[in-house]
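Chemist: Please build the complex by placing chain B on the supplied structure of chain A, with the hints as guidance.
Heads up: the sequence lines are chains A and B, in that order.
In this text, residue positions in the first sequence follow the working numbering: the first is 1, and each later residue adds one.
In this text, residue positions in the second sequence follow the working numbering: the first is 1, and each later residue adds one.
Watch out, some of these pointers could steer you wrong.
Copies of the same chain look alike in the list, so a pair counts if it works inside one copy or between any two.
Pairs of lysine-lysine, DSBU-like flavour, derived with a Cα cap of 35 angstroms [unchecked claim]: (1) K46 with K75; (2) K112 with K78; (3) K75 with K112; (4) K46 with K112; (5) K46 with K78.
Note that these hints are calculated values from the structure, not bench results.
There are 2 protein chains.
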Amino acid sequence: MSAFTLHPQLAADTLVVGDFPCCRLLLMNDAQYPWCILVPRIAGAKELHRLDDADQLQVLRESVALSRAMEQQFKPHKMNLAALGNMVPQLHLHHIARFRGDPAWPAPVWGKHPAQPYVQGLADERIQQLRHALPGLTPPD
Amino acid sequence: MSAFTLHPQLAADTLVVGDFPCCRLLLMNDAQYPWCILVPRIAGAKELHRLDDADQLQVLRESVALSRAMEQQFKPHKMNLAALGNMVPQLHLHHIARFRGDPAWPAPVWGKHPAQPYVQGLADERIQQLRHALPGLTPPD
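Only chain A is shown next, with the shape it has when bound in the complex (with noise of 0.2 angstroms):
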């Protein structure tokens, strides 16, 4: 099977913020939402529950100490964690913190709002929320 390679729309749409052992962390670049997305390093994953036993273990590993440190650094009433894909076919698990009176609460945020590009200053803060919470993240490849 061909290399692991970030699908073009997540690449297009998202900040890189590491890697942890399986999947890379990506932060969606919408200003709106706290919003990240883990994407499994493997190539071809399209569903969670194709996937071998081991490593849908280790992405459930990921997931929990992603929504654990969003849940420390930014305080949200509520985690919102989805596994869609209907649009971009590669295997990615979108974990949102959601707070009563965000743009699109209580809905859930696709469709809601077009996306509000960070201004560099506050992305990079999130980055670095995200990477002080999560010290076992190394730098992509």
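Modeler: Just chain B, lined up with the frame of chain A:
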């Protein structure tokens, strides 16, 4: 802690399929999509990442089994998986079999179209398909 009871909104919106060792399996009463919901029978649970490790792993195993069963029985183009909970705080995981050409495709299903409750025959058929593919399910308490 008090005993597990299903949130009244989930009880109103779904039909009961059966119990996994950890989760209750529900069929959303919306004939537009094969749409199942897993509810861990853990009193007070709101976020997957706050469960203990053993419960997280068990929920993952049951989610994977359900996704595989839905894929086998309904042959969707994509499975959608989500834990949102902005409106119903009890932890619940959506598993939705999505088809190109279904009423919401390629958008997520939430907020797109009002539910179309099943006529009795088709709901029974889908419940029987799920029970057939998941022989370890037990009748709910």
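Chemist: Each hint needs a verdict: does it hold in this structure or not?
Modeler: Against the structure, the hints:
1. K46 with K75: Classified as both; 31 angstroms inside a copy, 15 angstroms across copies.
2. K112 with K78: both (18 angstroms within a copy, 22 angstroms between copies)
3. K75 with K112: both (22 angstroms within a copy, 29 angstroms between copies)
4. K46 with K112: both (25 angstroms within a copy, 24 angstroms between copies)
5. K46 with K78: both (26 angstroms within a copy, 9 angstroms between copies)
Checked against the numbered hints above, the structure violates none of them.
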